[in-house]
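Residue numbers (the working numbering), protein chains in the order written: chain W, 20 to 323; chain V, 2 to 309; chain Z, 5 to 419.
Derived from the structure by calculation, the hints contain no laboratory data.
Backbone N, C-alpha and C fix where the C-beta goes; we use that ideal spot for every residue, glycine too.
Don't take every hint at face value.
Stated by the list, open to error - With the Cβ distance kept under 10 Å, some of the chain Z side facing chain W (calculated, not the full set):
(1) I47
(2) G49
(3) R53
(4) M65
(5) A74
(6) F193
(7) P195
(8) A199
(9) S203
(10) P221
(11) S223
(12) L398
Here is how the chains run, residue by residue.
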Amino acid sequence: MNEPKFRYMKDLPSARLLGSGTAMCAGCGGLQALHGIYDILGEKTVFINAAGCMTLLSVYPFTPFRGSWLYTSMASAPAGAQGVRDGLDILLEKKRISTEEDLEVVVLTGDGAAYGMGLSSTSGAIERDLDFLYICYDNEGYGNTGQQFSGATPHGARTATSKGPRGFTGFKKDLFSIWAAHRPAYVATIAGAEPLDLANKIEKARNLKGPRLLIAIAPCPTGWDYRPEDSVDIGKLAVRTGIWPLKEYIDGKVVHTKIPHPRLPVEEYLKRQGRFAHLFTPAPDTALIAEIQARVDGYWKGVV
Amino acid sequence: MYRIRFHGRGGQGIKTASRILGTTLFMEGFEVQDGPRYGAERRGAPMFAYVRASMEPIQERGIIRLPDLVIVTDDSLIPIPAAGVLTGVAERTVLLINSDEEPGLWRERLALAGPILTLPAAAHAPHINTQLTSVLSTGAAANLIGVISRRTLEEAIRKELAPLGAGAVEVNLENGLKAFDLTVVLKGSVREGGKTQAASYDPPDWIDLPFEEAAISAPAIHATATSERVKTGVWRTMRPVIDYSLCNRCWWICSTFCADGVIRVDEEGYPRIDYEHCKGCMICVAQCPRHAISAIPEHGEDTGERQE
Amino acid sequence: MKRTLLTGNSAAAWGARLADVDYVPAFPITPQTEIIETIAEWIDGGRMRSRMVTLESEHSMITAAGAAAATGVRVFTATSSQGLLYGMEMLYTVAGWRVPFVLVNVSRGLSAPITLEPDHNDVLAARDSGFLQIHCATCQEVLDSIILAFRLAEDKRVRLPVIVNMDGFYLSFTREPVEIPDTGSVRQFLPPLDAGDISFRASAPISQATAVLGGSPYSYFRYESHMAATNGLAVYDEAAESFAGLFGRSYGTVEEYRMEGAEIVFVMVGSFATKAREAVDRLRGAGRPVGLLRPRLLRPFPGKALRKLLAGRKGVMVIDQNLSMGKGGVLHMELASALYGHPDAPPVLTSFIGGLGGRDITPEEFYEMVAVTEKAIKDGSTPPPRLLYTKRELDEVRKLQAIANVERRETGKGE
Chain W
20 MNEPKFRYMK DLPSARLLGS GTAMCAGCGG LQALHGIYDI LGEKTVFINA AGCMTLLSVY
80 PFTPFRGSWL YTSMASAPAG AQGVRDGLDI LLEKKRISTE EDLEVVVLTG DGAAYGMGLS
140 STSGAIERDL DFLYICYDNE GYGNTGQQFS GATPHGARTA TSKGPRGFTG FKKDLFSIWA
200 AHRPAYVATI AGAEPLDLAN KIEKARNLKG PRLLIAIAPC PTGWDYRPED SVDIGKLAVR
260 TGIWPLKEYI DGKVVHTKIP HPRLPVEEYL KRQGRFAHLF TPAPDTALIA EIQARVDGYW
320 KGVV
Chain V
2 MYRIRFHGRG GQGIKTASRI LGTTLFMEGF EVQDGPRYGA ERRGAPMFAY VRASMEPIQE
62 RGIIRLPDLV IVTDDSLIPI PAAGVLTGVA ERTVLLINSD EEPGLWRERL ALAGPILTLP
122 AAAHAPHINT QLTSVLSTGA AANLIGVISR RTLEEAIRKE LAPLGAGAVE VNLENGLKAF
182 DLTVVLKGSV REGGKTQAAS YDPPDWIDLP FEEAAISAPA IHATATSERV KTGVWRTMRP
242 VIDYSLCNRC WWICSTFCAD GVIRVDEEGY PRIDYEHCKG CMICVAQCPR HAISAIPEHG
302 EDTGERQE
Chain Z
5 MKRTLLTGNS AAAWGARLAD VDYVPAFPIT PQTEIIETIA EWIDGGRMRS RMVTLESEHS
65 MITAAGAAAA TGVRVFTATS SQGLLYGMEM LYTVAGWRVP FVLVNVSRGL SAPITLEPDH
125 NDVLAARDSG FLQIHCATCQ EVLDSIILAF RLAEDKRVRL PVIVNMDGFY LSFTREPVEI
185 PDTGSVRQFL PPLDAGDISF RASAPISQAT AVLGGSPYSY FRYESHMAAT NGLAVYDEAA
245 ESFAGLFGRS YGTVEEYRME GAEIVFVMVG SFATKAREAV DRLRGAGRPV GLLRPRLLRP
305 FPGKALRKLL AGRKGVMVID QNLSMGKGGV LHMELASALY GHPDAPPVLT SFIGGLGGRD
365 ITPEEFYEMV AVTEKAIKDG STPPPRLLYT KRELDEVRKL QAIANVERRE TGKGE
């Protein structure tokens with residue numbers, strides 16, 4: 020493996036290409052990650068979007084993008100990427116545009132589209148070996164509609180549709196593995212709170228061909244119920260407690276890019292968020308906390 | 002019919018406040034309509050809600066153009082044209098503002114002839130999830146309308162806030178009733194407005210929409226970074242201020258973690274906050290390792306000179 | 005030009021080939037599949053210079069079609085029935101993008117109950133989507149309409165996608181003599197796509213299909229699409245005239261058949277209209293003043309042309325090969341709204357529902373529709389809508405129900 024391009028924080032680009040003034044919530048963890056991603060991918064991109072919070076990035080006549088954008092629907096952003104990529108390839112092949120006019124096609128969706136409604140079209144795009152990037156900002160619920168649970172909601176989290184004493188009784192779907200099972204060129208998890216790891220993965224993905232898919236944890240002050248200023252801390256804690264493993268799949272292998280050591284107890288992450296408050300008050304739900312911890316421990320047991 | 006408009010920011014609870022007021026009027030025997038209105042913007046962004054009440058069935062819907070009472074839960078919204086706080090405010094409209102400043106000052110500033118009331122207590126109430134500043138103004142408004150009893154207000158607050166838990170009910174009840182008592186001398190100063198007249202009216206200036214080619218009329222933006230024209234700085238209630246004597250010019254931490262990308266680094270390596278767009282999330286305050294950034298209230302004495 | 009036997013599906017494939025399309029997103033569905041099979045074979049054999057991609061659903065297929073069109077290439081796609089409905093969200097969506105492309109729909113009755121043979125409820129579900137609609141009656145017309153449809157879609161006054169509709173089985177799998185135009189003439193009629201500003205390019209960043217908030221701007225964008233669709237009538241007439249000049253085949257927005265002196269007129273769309281032509285001939289032979297109008301365009305709706313053609317007639321018989329549950333025939337409603345309040349409008353407008361799920365319409369039924377309408381004219385009262393359905397058919401259904409062990413109880417008497 021080559022040396023990472025960004026070795027120190029000071030190597031990171033500081034262009035802040037993505038425009039400000041968007042409708043995203045103050046302290047949006049997904050937007051914070053997108054800034055880092057956009058600074059590396061740059062303007063020669065077309066973002067293909069599915070219905071979600073970030074659909075409201077481009078509300079006529081306002082857009083933060085310095086490159087291009089196309090909103091499709093909730094289910095079919097990867098198919099939109101297929102159409103644009105094929106269209107550009109045809110134009111290049113038939114010499115109707117020069118190679119300088121080419122764009123990197125980037126799908127941008129939330130977890131609702133990525134884990135659920137859009138999974139079939141993502142699967143199809145990978146199977147067709149589409150040359151595209153997929154960025155999922157994962158705020159672990161249908162955030163744009165008020166944080167109902169989605170296929171990405173973690174066990175125990177309280178959402179607008181799981182208000183019971185044990186929160187969401189289901190389990191977060193392992194999208195990383197589902198994607199990786201298709202054997203695409205690249206799959207990775209990232210966090211805006213880990214900008215160096217994020218930058219190196221985006222840079223690596225940028226230089227590969229074929230389907231390259233990344234899931235960014237997107238701490239959500241509105242949906243997860245914490246103060247906006249805590250967004251980065253919560254992202255860091257997700258990594259340091261081992262709840263959000265930073266890893267990548269490439270050449271048939273999964274590699275963890277940051278193994279938390281020592282790994283903090285999951286409480287450190289859970290107690291900072293209102294969506295897990297029922298695990299601590301009025302009385303601690305030690306059984307459920309232990310269950311969540313056991314699951315995380317079990318995961319890392321298989322890693323190290 | 003009473004036509005009451007609430008103006009606040011996403012997250013201040015004006016939807017809840019409008020529902021409490023709607024419930025009080027309903028309990029007093031009125032036909033009622035209440036509802037919030039929000040766009041794409043989120044927490045901190047200007048939004049509004051409305052309540053209509055009448056002894057007859059209500060046929061009107063949607064936006065209130067000519068309000069009898071306008072309740073402003075955040076006085077920083079008033080100068081923002083997009084917030085539309087003053088739309089349709091006439092001489093007979095009562096304006097209730099959560100503000101430290103004297104009504105006289107607002108009257109002068111806004112050049113309004115109508116009654117203006119301020120609620121200094123509400124201006125200082127903390128914005129936290131369980132304690133809603135907007136409940137204070139609702140309590141005050143209930144008395145201004147003059148047809149709502151203290152007991153009804155109490156019942157409505159209990160009913161509407163029950164899902165937030167007993168603690169939230171108690172603290173908001175105390176605040177709401179305190180505000181109600183505060184305005185007792187002004188009881189009934191809000192008067193019901195009339196109806197539009199069909200006999201004489203200004204006809205709408207309808208036009209035949211001209212056909213325009215798709216190059217013009219498709220919902221496509223042929224420009225870049227136009228979002229920067231949206232001054233999201235108005236969402237802010239707190240302002241992050243950098244103390245440059247403490248800043249060690251690491252540059253990247255506050256700038257990289259800024260969710261909105263509004264902290265740039267100047268030639269000397271100092272971070273500069275773009276206050277026109279900073280939404281006031283305070284991630285920079287939380288992340289700065291030197292604690293060189295502090296949060297000050299948007300209306301406080303310190304206006305950010307330390308940045309210079 | 006050569007004349008050869010082609011199915012409607014082959015004719016559609018020829019239309020796409022002659023239009024020199026760049027891109028064909030596809031998904032198989034009966035009875036449309038032969039179109040994409042034919043195109044795939046040509047591409048594999050190097051006879052067609054297009055890229056074909058099989059998506060995993062029609063929803064994705066129409067998304068890809070719209071997205072490629074938004075990049076500035078010429079796109080053709082095809083589907084049918086459930087497929088059109090599965091992609092329905094995207095029909096409305098891509099039409100709003102204001103991108104031109106052509107979609108062939110092979111009409112087939114909708115589920116439930118699921119079936120294979122044609123009626124028009126599938127394509128009429130797309131009636132309000134923003135796609136223009138051309139309805140064909142012959143295999144020749146399918147080929148010609150695709151070429152016409154690209155001209156229409158790509159015209160700056162329109163810039164909307166177009167559906168070319170043909171009936172499953174009756175056209176899709178039926179061979180008829182078709183004249184295949186030569187490539188040179190087609191190129192003269194339909195030059196390579198001038199995408200203009202429709203593009204995704206590094207040098208011209210654009211945010212397409214953005215969200216629009218607020219009723220006023222939303223109304224603007226939607227009404228502009230409506231006006232563009234309406235412009236389609238004049239643009240179509242121009243294109244059809246130029247087409248007739250080059251190829252000798254005329255296609256008006258409304259096909260008129262034996263309208264001279266006609267007092268009673270059939271109005272219907274699709275391939276069953278050729279059955280009506282035959283019936284009109286027989287009726288004329290029997291001395292009855294009957295004619296036929298077949299709208300080829302349903303969107304934009306040629307209301308003015310129909311009004312003019314029907315002015316002063318005594319009666320109109322609308323045959324709807326579709327059914328709007330709880331209301332009746334869609335074409336009947338559309339025509340009624342075009343005629344109502346106009347002094348010359350025919351006083352009697354009868355409604356017949358027929359051909360659902362491919363059910364035949366017999367010559368005798370055409371004759372009887374005329375008799376019913378003549379009586380209505382004489383009585384001065386319009387009869388209720390009539391489903392074309394015979395006693396024998398009901399008897400057959402009864403037999404099926406017996407096998408299905410349907411328990412029949414006397415109704416109205418109580419237990």
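Comparing the hints with the structure gives:
1. Residue-level restraint check for I47/Z is violated (minimum Cβ-Cβ distance to chain W is 13 Å; threshold 10 Å).
2. Here the hint on G49/Z is broken, as its CB sits about 18 Å from the closest CB of chain W, past 10 Å.
3. Interface hint at R53/Z: satisfied, since its Cβ lies 8 Å from the closest Cβ of chain W, which is below the 10 Å cut-off.
4. Hint status for M65/Z: holds, given a least beta-carbon distance of 7 Å to chain W, under 10 Å.
5. Look at A74/Z: its Cβ gets to within about 6 Å of chain W, closer than 10 Å, so that hint holds up.
6. For F193/Z, the interface hint is violated, the least distance from its beta-carbon to any beta-carbon of chain W being 21 Å, above 10 Å.
7. At about 14 Å, the closest approach between the beta carbon of P195/Z and any beta carbon in chain W exceeds 10 Å, and the interface hint on this residue is violated.
8. Against a cut-off of 10 Å between C-beta atoms, the interface hint on A199/Z holds, since the closest Cβ of chain W lies about 9 Å away.
9. Below 10 Å, beta-carbon pairs count as interface contacts, and S203/Z has one with chain W at about 8 Å; its hint therefore holds.
10. Hint status for P221/Z: holds, given a least beta-carbon distance of 6 Å to chain W, under 10 Å.
11. Hint on S223/Z is violated. Least Cβ distance to chain W is approximately 13 Å, over the 10 Å limit.
12. Using the Cβ-Cβ criterion of 10 Å, the hint placing L398/Z at the interface with chain W is not satisfied: the shortest such distance is roughly 42 Å.
Violated hints for the displayed structure, listed by number in ascending order: 1, 2, 6, 7, 11, 12.
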